[in-house]
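Novice: As a plain string of letters, each chain reads:
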Amino acid sequence: MRSPLRLERRLEQPKRLNWVIPLISLVAALILGAIVLWVTGKNPFEVYQRIFERGFAGRRVFSDSLVSATPLAFTGLCAAVAFRMGLINVGGEGQLYMGSLAATWVGITFDNIPTGLMIVLMAVAGMSCGGLYAGIVGLLRARFGTNEIITSLMMNYLAAILLTYLVYNSFSYWRDPVSGNFPSPRAITQRAEWNTFAIFEIGLPIAFLMAIAMGFIIWFIYKRTRFGFEVGVIADSPKAARYAGIRTSSTIVLVMGLSGAMAGLGGAADVGNFRRYMDPKGLELSGYGYTGIVVAALARLNPIASVFVALLMGGLNNAGYSLRGPDFPSGLVGTLQGLILFSAVAGEILIKYRVKSNSRPSEAVAA
Amino acid sequence: MKRTNKKFAPMLLTVAIAIGLVACGDDDGGSSSSEAPSTDAPAGEVRSSAYVPTGDPMDYFTAWEELPAEAGGLDSSPVIDCAPEEGPLKAAWIYVGPINDGGWTQVHDEARMAVQEHFGDAIETTYKELVPEGPQALQTIEDLIADGNTVIFGTSFGFQDQFIEAAAAHPDVCFEFATGYKSAPNVSQFYGAAEDTDFLTGMAAGAASATGKLGLVSSFSFAEVVRGVNAWTLGAQVMNPDATVKVLFIQSWFDPAEERKAAEALLAEGVDVLGQKGVDSPSTGDVAKENGIPWAGYNKDQSANYPEVWLTATAYDWSVYQIPRLQQVLDGTWVAGNYYGTLKDGFVKLGKYGALVSEQTFAAIEARLVELAEAPGSEFTGPIVDNQGNEVLADGVSHTYAELMSMAYLVAGVEGEL
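Protein chains in written order, with the working numbering: chain X, 773 to 1139; chain Y, 76 to 493.
Hints listed in this document are in silico derivations from the structure and should not be mistaken for laboratory results. Think of the CB as a built atom: it goes at the ideal place given N, C-alpha and C, for glycine as much as any other residue. Among these hints, one or two may not hold up.
[What the hints assert, rightly or not] The calculated lysine to aspartate or glutamate pairs, modelled on EDC-like cross-linking and capped at a C-alpha distance of 20 Å, are:
id	chain 1	residue 1	chain 2	residue 2
1	Y	LYS257	X	ASP948
2	Y	LYS165	X	ASP1099
3	Y	LYS165	Y	ASP218
4	X	LYS814	Y	GLU478
5	Y	LYS336	X	GLU1056
6	Y	LYS257	Y	ASP236
7	Y	LYS165	Y	ASP406
8	Y	LYS257	Y	ASP406
[Stated by the list, open to error] Every beta carbon over 10 Å from chain X, so not counted as near; a handful from chain Y, in silico:
id	residue
9	VAL171
10	HIS193
11	GLU204
12	GLN211
13	ALA450
Starting from the given sequences, assemble the full structure and let the hints guide the process.
Specialist: Set out below in structure tokens:
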């Protein structure tokens, strides 16, 4: 039996689809979510109103969303940078941990330098450490053709075990020396705490500004430089790239390094701007690295869009915590978040394909 | 934009993989029938302890101003009026795990429901589950306060710094924190003598072992947990003087996959009884059930779900403390301080005794239970030697409360290190 509808590849993709389809996807997600809420006996309008109130509206909740969004912006950038070249780096989680590790070391060690310099040092340390950690994955892929999905994922676990060891299983530099019976992480010096600017009473973390800047820098690199052009060629056809004389191996390592540097900067930001110490358990529970993949996917791998999608996810995340409780199971929150992702991904197909009716094949009418 | 599209299929796959790996699967394997080696015959039926707690929980509560500085004491701990002008008192619980974890968080939520049932319309309770430690915890507290909650209960050690921070910003909100140690004029700490019930649980485990080699899955080498590990071992040695306990610290409060791995590793080392301390899921019990090995649980009575292997467990009733404290809020007499509950007031208790526990062991545990209810912590009475061979307590000497709270050694017979 033939299906009444079929997908046909679009010969050209009108530019307006790039924003029309995501918008339709979002509306579709809201409608699907409303049905689920209605079936489970909730008033969809009340729930959506609360999501808006607790995720975005108001100075306090918006400040909170910025806090939740900042690490996601960096892990989103991490995923976008690598995925654009077809490198599936799912190691943002571990690369963020390594960034946190390096930045914490800087924050504890240098206690007598101005805050501005401290921020730069911590950021550079986080980026380098995260970048190097991801670079290992890139090197393995470039030299030995190992699957970067598996290696980057495995290295997430390695990083988690390392951080846990440093705080809970050893008397390392990262463990608070006075926390004898209650192993706890050592805080960075007060000088090392990053600024949060108050703008119209909204707390704007300096790290979020960095994320916006990084979004633009990466957009520039990918759109306006020779390196970015080469990355694009490799993404389209590695073979063609090699024929054209592009050094694919070193590009793989560089892109992985850049990707990891973004996550590493996220780790530095988490320590400097918010947490003040390297917190293995808190980081593991937050899962910024994995959510970053979703952020990049929703942003359609656009680095600038990633930062703002992160804000949306941060707000939704906070609204989710606000919703869940005795009369609102956490599974339902997950269902709503899943529907948004599902719709976004479904919309992606509509950008690439058009839906055609199969009933009168000779006429080929667009549905 | 065009070239990015084709990467979507692998990306989706990746997202699916990531989500799949983050979630932990828990398949319930078939269980084999078990034969419990025991010094005398298993009773063959599940029994409850005959002990009825009669103590007043508030006898075990001390205001901060009455405590010395090294125990968290403060110059003053004034009455905090956190009851609303009108309408029901709103109280909220913040959990690190899911409410159906089969252990720690579930027991906390059962206490919340008991509180709700006790007060009816006078109090409105709510909770937030799966809250990550760090900035999210602080935001969750702020969100709950914005919702009108004026009593906040924290149930994971990792929330402590956020509680202290939030308490300073909201001096008119009452904060109640479980298992921490930091004090503030509006932050109380509450916990209890789980080491006493851990000791009794260890007795059941020791009696169930034929080889005298026991295994214990544990969380962190925090004093609270170390106390439990030591008490459990001392209990096992009461029934079996040569008993040794292999302990593995998994560095997590709740990680069913890691708990399972640790339990399997202990089995591979040849232990014939499994126990757990400080870890929240019943994964250790799953491993015990699959292998027909007696199991002593933690947090919650699981005799109904694991009847073939169940021994007993430390169980908490957090509402024993929470109900009188919330009554104080309603009465306008709440002050912050430290609470350390006992068997006598019913804060800690033993789960049901499993069918594997013999009459003889049952009687021995019950007798010891009554003693411990009157003298909490008395299982730590010398002579006690640590597992490095150093004498810790001379004959007849017991630990002080402060020593119990800062315990940092493992008793002889524990195979493991801090």
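Novice: Taking the earlier hints as the rules, which of them does this structure contradict?
Specialist: Hints 4, 8, 9, 11 and 12 contradicted; others consistent.
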